[in-house]
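Following this note's numbering, the numbering of the sequence shown begins with 13 at its first residue and continues without gaps.
Just so you know, the hints here were simulated from the structure itself, not pulled from any lab data. The C-beta atom is built at its ideal place from N, Cα and C for all residues, glycine as well. Hints may be right or wrong, so weigh each one.
Simulated crosslink set (DSS-like; lysine-lysine; CA at most 25 Å straight-line) [as the list claims (entries may be wrong)]:
| no. | residue 1 | residue 2 |
| --- | --- | --- |
| 1 | K46 | K94 |
| 2 | K129 | K118 |
| 3 | K129 | K141 |
| 4 | K118 | K51 |
Cβ pair distances, simulated, as ranges [what the hints assert, rightly or not]:
| no. | residue 1 | residue 2 | range |
| --- | --- | --- | --- |
| 5 | T21 | K151 | 30 to 36 Å |
| 6 | R57 | A130 | 31 to 37 Å |
| 7 | C43 | T136 | 16 to 22 Å |
| 8 | L101 | T25 | 39 to 45 Å |
| 9 | V140 | N70 | 18 to 24 Å |
| 10 | V37 | Q104 | 55 to 61 Å |
| 11 | F112 | C43 | 40 to 46 Å |
| 12 | L132 | K94 | 35 to 41 Å |
| 13 | Q69 | A125 | 36 to 42 Å |
| 14 | E58 | I29 | 37 to 43 Å |
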Amino acid sequence: MRWYEHLITCAATSSNINVEHPVVVSLVPLCIEKVVLWKITDLVRERWDPLSQHQCQNLGFLLNQLIDECPTLVPTSRPVQKLLQTICLRAQDAIDEDLFVPIYSKQAIENLATGCKAFLDRQTWTSVKVDFQILLMTKIIGYR
13 MRWYEHLITC AATSSNINVE HPVVVSLVPL CIEKVVLWKI TDLVRERWDP LSQHQCQNLG
73 FLLNQLIDEC PTLVPTSRPV QKLLQTICLR AQDAIDEDLF VPIYSKQAIE NLATGCKAFL
133 DRQTWTSVKV DFQILLMTKI IGYR
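Full structure from sequences and hints, please.
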């Protein structure tokens, strides 16, 4: 049984707890906001690679699910703001650290021995990749 199912059924199994009480109804969304979002924020800060398509898709899917299912996750809540800020900072760090599109002369690019064309091609495709990964997160970042 998943952890949130335990939280949902805790009130149902007890006869002296009103299952319609606002605290009981908001138990799972509050746990997600107070615990899960902070853990996700730490994972994004420490481990998330904005250049990884797989990680961006998974993070985007997870956050879309949480936003759709938890009414307490609004852009004004502190944990949501912190998570969105962390995502933006990590994306900015990836752009600053991993992207460098050099300006070479036409002769340097045409001369294959210099390696300028290969480097320029790699950097160009890395920038396209970063753009694509950021586009995967536009719904989340736009939520901000």
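Hinted pair K129 and K141, Cα distance within 25 Å: Holds, at about 18 Å.
Range hint 16 to 22 Å (beta carbons of C43 and T136) holds or violated: violated, 45 Å
Whether the CB-CB distance between L101 and T25 falls inside 39 to 45 Å: Holds - the Cβ-Cβ distance for L101 and T25, about 43 Å, lies within 39 to 45 Å.
31 to 37 Å as the expected CB spacing between A130 and R57, which holds or is violated: At roughly 33 Å between Cβ atoms, A130 and R57 fall inside 31 to 37 Å, so the hint holds.
CB-CB spacing for N70 and V140 relative to the 18 to 24 Å hint: holds, 21 Å
Range hint compliance [Cβ, F112 to C43, 40 to 46 Å]: Given range 40 to 46 Å: holds, Cβ gap about 43 Å.
Outcome of range test on Cβ distance (E58, I29; 37 to 43 Å): holds, 38 Å
Consistency of beta-carbon spacing, A125 to Q69, with hint 36 to 42 Å: Cβ of Q69 to Cβ of A125: about 39 Å, so the range 36 to 42 Å holds.
Restraint check for K46 with K94, where alpha carbons must lie at most 25 Å apart: holds, 12 Å
K94 and L132 - C-beta distance against the hinted 35 to 41 Å: The hinted range 35 to 41 Å holds for L132 and K94, with Cβ atoms some 38 Å apart.
25 Å limit on alpha-carbon distance, applied to hinted pair K129 and K118: Cα-Cα ~10 Å, so holds.
Distance restraint evaluation - V37, Q104, Cβ atoms, bounds 55 to 61 Å: At roughly 38 Å between Cβ atoms, Q104 and V37 fall outside 55 to 61 Å, so the hint is violated.
The structure fails to meet hints 4, 7, 10 from the earlier list, while all remaining hints are met.
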